[in-house]
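Q: Sequence:
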Amino acid sequence: MYHEPVLLHECLEGLNISPSGTYVDVTFGGGGHSKAIFNLLGPEGKLCSFDQDPDAKENTWEDSRFTFIPENFRHIKRFLRLYGIKEVDGILADLGVSSHQFDEGSRGFSLRFDGPLDMRMNTRKDRTAKDILAEADVLELTHIFRLYGELKNAHAIAHAIVKFREENELETTSDLNDCLERFIPKHKGHQFLAKVYQALRIEVNEELKVLEEFLESGTEILKPGGRMVIMSYHSLEDRLVKNYFRDGNFEGKAEKDFYGNKISPLKVITKKPVLASAEENARNSRATSAKLRIAEKK
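Residue numbers for the sequence shown follow my numbering, so the first one is 534 and each next one is one higher.
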């Protein structure tokens with residue numbers, strides 16, 4: 534197992550696990566959350582875990598009640614159907630990059646290591662961060678950095694990258710850092726680069742589109758009374774989850790029926806996101822930005 538799972542007790546409590554139920558962990562990673570869910574299941578219980586990262590398979594175990602599905606969780610409904618599962622009692626998602634992916638310099642996610650500009654969660658995919666930086670024009674790069682990195686100087690950054698690549702290679706994270714050196718603030722350099730990397734990572738992996746598809750299809754396969762428990766690590770993801778849980782859409786617009794009742798398939802269990810305790814934050818730095826939201830199928 535790679536890491537200590539974030540908000541583990543709160544996730545298990547949120548799922549409201551029945552020993553004979555069927556559960557899905559769509560972000561298996563190091564297997565920490567999955568193993569804890571599995572340990573609460575009885576002989577009739579089932580757990581399916583998804584992860585598109587080939588490295589994740591090393592953390593699986595053999596048991597007839599456990600199924601590992603090496604696919605992107607945007608296809609949750611389709612792949613569960615292949616295993617004869619039409620309804621589930623609970624779904625857990627721990628979004629973002631796993632600790633292992635951050636710690637593996639060769640994946641290009643980390644600010645701490647020099648590595649290739651890859652950033653693919655699924656290494657079988659073709660398009661890398663390097664491809665985007667080499668091919669996208671100023672307009673497209675501006676869109677990526679403004680929308681996904683929430684960077685105010687997105688246009689200037691995009692222009693600098695296009696100019697830089699005319700004479701230099703953009704092969705590694707160090708190359709990118711060198712290219713953006715004049716934009717890096719003295720005392721908040723880490724935060725600035727984290728936003729740049731986040732923007733590229735979201736674009737490479739289509740993370741927000743994947744999340745939207747997952748929320749809709751995941752809700753469809755939840756049994757009435759079934760729980761969806763989602764942890765996000767930045768405001769873009771959290772906003773989508775909050776809007777969808779509350780209003781049944783991603784725009785955050787409340788739609789009402791003829792009688793004035795809100796039309797939404799889910800009932801919000803957590804009015805505000807659950808955050809990690811000071812003790813957990815001190816123990817596990819990944820927990821500091823985690824926001825946990827829970828909803829129940831009506």
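It is worth saying that the hints were derived from the structure and are not from the lab. A few of these clues could be false.
To be verified - Pairs of lysine-lysine, BS3-like flavour, derived with a Cα cap of 25 Å:
| id | residue 1 | residue 2 |
| --- | --- | --- |
| 1 | Lys-579 | Lys-619 |
| 2 | Lys-719 | Lys-742 |
| 3 | Lys-804 | Lys-789 |
| 4 | Lys-619 | Lys-804 |
| 5 | Lys-831 | Lys-579 |
| 6 | Lys-685 | Lys-619 |
| 7 | Lys-685 | Lys-658 |
| 8 | Lys-728 | Lys-696 |
| 9 | Lys-800 | Lys-742 |
What the hints assert, rightly or not - Quick list of simulated restraints, FRET-style, between CB atoms:
| id | residue 1 | residue 2 | range |
| --- | --- | --- | --- |
| 10 | Ser-597 | Gly-722 | 31 to 39 Å |
| 11 | Glu-604 | Thr-821 | 24 to 32 Å |
| 12 | Gly-785 | His-542 | 27 to 35 Å |
Glycine is no exception: its CB is placed at the ideal position from the N, C-alpha and C atoms.
Q: Does each hint fit the structure? Answer for all of them.
A: Verification of the supplied hints:
no. : hint                             : result
1   : Lys-579 with Lys-619             : holds (13 Å)
2   : Lys-719 with Lys-742             : violated (34 Å)
3   : Lys-804 with Lys-789             : holds (20 Å)
4   : Lys-619 with Lys-804             : violated (29 Å)
5   : Lys-831 with Lys-579             : holds (22 Å)
6   : Lys-685 with Lys-619             : violated (45 Å)
7   : Lys-685 with Lys-658             : violated (30 Å)
8   : Lys-728 with Lys-696             : holds (21 Å)
9   : Lys-800 with Lys-742             : holds (23 Å)
10  : Ser-597 with Gly-722: 31 to 39 Å : violated (51 Å)
11  : Glu-604 with Thr-821: 24 to 32 Å : holds (30 Å)
12  : Gly-785 with His-542: 27 to 35 Å : holds (30 Å)
Going down the numbered hints, you'll see the structure goes against 2, 4, 6, 7 and 10, while the others check out.
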